[in-house]
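Starting from the given sequences, assemble the full structure and let the hints guide the process.
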Amino acid sequence: MRRFLYPLIVFGALVAVLAAGLRLKPAEVPSPLIGKPVPAFSLAQVQNAGRSVSAQDMAGQVWMLNVWASWCGACREEHPALLAFSRESAVPLVGLNYKDARPDGSAWLERFGDPYKVSALDADGKVGIDFGVYGVPETFVIDKKGVIRYKHIGPLTPEIIHSRLAPLLKELNDA
Amino acid sequence: MIPELGNFAVMLALCVALVLGVLPLAGAARGHGGWMALARPAAAAQALLVAFAFGCLVTSFMVNDFSVAYVAAHSNSTLPLHFRIAASWGGHEGSLLLWILILAAWTGAVALFSRELPQAMAARVLGVMGLIAVGFISFLLFTSNPFERLLPAALDGRDLNPLLQDPGMIFHPPLLYLGYVGFSVAFAFAVAALLGGQLDARWARWSRPWTLVAWLFLTLGIFLGSFWAYYELGWGGWWFWDAVENASFMPWLVGTALIHSLAVTEKRGSFKNWTVLLAILAFSLSLLGTFLVRSGVLTSVHAFATDPERGLFILVFLTIVIGGSLLLFAWRAPSVGLGGRFAVFSRELALLLNNVLLAVAAATVLLGTLYPLILDALGLGKISVGPPYFESVFVPLMVPLLVLLGVGPFVRWKEAEPAGVARSLRWVAAATLGLVAAGAVTLRYSAGVALGLGLATWILLATGWHLWQQVAGRDWLRRWAGLPRSYTGMLVAHAGIAVFVVGVTLVKGWEVSADVSLQVGQSATLGGHTFRFASMDYVKGPNYLAARGQFEVSVDGRYVGSLVPEKRVFTVQNMPMTEAAIDRGFTRDLYLALGERTDPLTWVVRIQHKPFVGWIWAGCLFMAAGGALAALDKRYRARRSVQVRLPVHAELGHA
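As they're listed, the protein sequences go chains A and D.
Note that the first sequence covers residues 1 to 175 in this note's numbering.
Note that the second sequence covers residues 1001 to 1655 in this note's numbering.
These aren't lab readings, by the way, just hints derived from the structure by calculation.
A portion of the hints provided could be inaccurate.
[Stated by the list, open to error] Across the chosen pairs, the derived CB separations fall in these ranges:
1) P158(A) x V1569(D): 28 to 34 Å
2) K36(A) x A1109(D): 56 to 62 Å
3) K1414(D) x V10(A): 42 to 48 Å
4) P158(A) x P1334(D): 56 to 62 Å
Beta carbons are placed, not taken as given, at the ideal position from N, Cα and C, and that holds for glycine.
Set out below in structure tokens:
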């Protein structure tokens, strides 16, 4: 008699797992880079080919790196949130213009507004590989010592910025 | 107006489904004939109402009614008409309505073709299907209504995801759902039999054709999905062990076990409890697939936009349907009793092994699919389980199954003589070993290829030999024509597995690929073929701009054809897409996809030479054709007197 209950018991365990799963966010894949120093890079700027930007330039302060591209639809979606962020926050936002052509990237910034302190042109995506980028957009938070503290995959929303990023940035700035 | 009519029809359908789900079941329990008689008209009314609602949704897409939120989110005025129609099921809400439509159609079909069923049985089966419809229609109305208006209306739609703008989108979801939802019939028969306490050979015979048809649609749906991914995703893979692919593959594995187990229950009255459990599990896994796709617990290329509220709704529904049926199983199964006895070495044992292997395979796929979720839920970190896991656990389970597949048909029901089976198969075994050894000497293939080709040869020879034993003689043609369709269907499906195994083995073992940088005028060589980059044009499609390359393929300087790959940018969503060019052949596919343009004149091009890849899909088509033949067997169409005629083919022992 009791053996006929086994399927039900197994199913009960499965439901418990699924119910727990509902409250999890699979998009938050932790980056192996979290807790590691930010990969070194030095790239030409998108809007000024003669000047460069590197991770070194940002040392000693809390900053964010946002990976974007003119061909990326989701970047358009998160763009207003980034513009609002750059107006409200003193934390510098650096753009990594991923696998893009310079004219396309700068035209995009002119058309939709530029939330970035500066954008680096990663035309062949090599720096993106160092950062483990597997989808655009992605956003990294880097602390004063140059250590990556947080990574967000997919478009940022005002809600995520206020509930997740703002407390973290404040904590890092106060440290 | 049209969306409101659709919405109203869905609401009416919910009321009808409630009637269908309550009164006939209550009538069957209390012996109330009038209530039971409601089942058929209610099933018909439900089917008509849902079909009308679905027609309203399709119409909204056809006339570009962007005041409907769902249309605005998944269509666009520049989208061609056939894709606008397919866009009806391009998102969560519409595909859910398609699911309900197919459920209503299956319910209607059962109502239409259940004349020979006892009234109580038919009422219970239709009632159970009605209860399932109540759950899904409520889900649609309360969390995911495709008819919701958008105020103010959008000027134009956001367009269908370019990945879905493909003929595959027109056929893949309906076929897959026909399979998924089709298992609800076997499920309803199982629950009805448990309720009525009539778990017997007749129940198995009624379930068999429905299960076969659902299984063949699921086979076709998975085949089309794989075929589509192969040419559309642009990297030439055909199966990715993606969570959602697994969600369709698990019911297929269990469904395959079920059609074999039903054979035992019908012929010998054995395995009743096991068969009824498989019928419950096949549909439960379909429901689980729905949950995984629509709740957002797993990430996948197939996942719909997700919403925790929807996830919770399906989880509760899942718990009631599966939990309820498993509880019923635990309560009723012990009293059903054992079936006919069988000896250790018999057809029953062979089919039991088949069932165990398939069920374990499904369990390993389930474990691999849910493992990331389980670890995450226990706070043990986030991991992903990929093809290495699935390939290393799946292949070892399939090897004994494929060996058994050759032997099974030669083993008699009830009791067989091992020596006799060995005698009938010794030449088949010798020929297989001989051919594999000869191949190893001439082609010098690896152990993996030898194993795969050996198994395929074994199955083909054993299947052919079995057929020969049935028809050999002077009047072989007449004998062949006289074979029962379910027997022919079994042979065709088994041969299909052999063809499939050849394809998988040779693609895995022998494919070659190269990524090359080419300018117009330059050539690359791969697998004996030379690909010359002849020209590059820029063209405008209805809703995209494309770079279109022209490649000329030659073998030893002899022109054999041209390949025209495209790189498209869909203008509405500004999304790039790769359209691979494929030259299909009986023994190989040439697969060419444009990568990135590294400078104005140079393109990265990925060229692949894939031997026998077409055999993978040919094998699937054979399997589906076998299922169709078996489902068309005469005895399923006969009336109640069928039982008397059964022993005629019994000695043939078709499974």
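Problem set entry | Status of the given 42 to 48 Å range, CB of V10(A) versus CB of K1414(D) | Because 32 Å falls outside the window, the suggested range is violated.
Exercise. Okay, P158(A) versus V1569(D) on CB: inside 28 to 34 Å?
Worked result: For V1569(D) against P158(A), whose Cβ atoms are near 29 Å apart, the range 28 to 34 Å holds.
For this session: State, for the Cβ atoms of K36(A) and A1109(D), whether the hinted interval 56 to 62 Å holds or is violated.
Result: Check passed, 59 Å falls within 56 to 62 Å.
Exercise. So the hint says 56 to 62 Å: do the beta-carbon atoms of P158(A) and P1334(D) match that?
Worked result: Between P158(A) and P1334(D), where Cβ atoms are some 58 Å apart, the hint holds.
Checked against the numbered hints given earlier, the structure breaks only hint 3 and satisfies all the rest.
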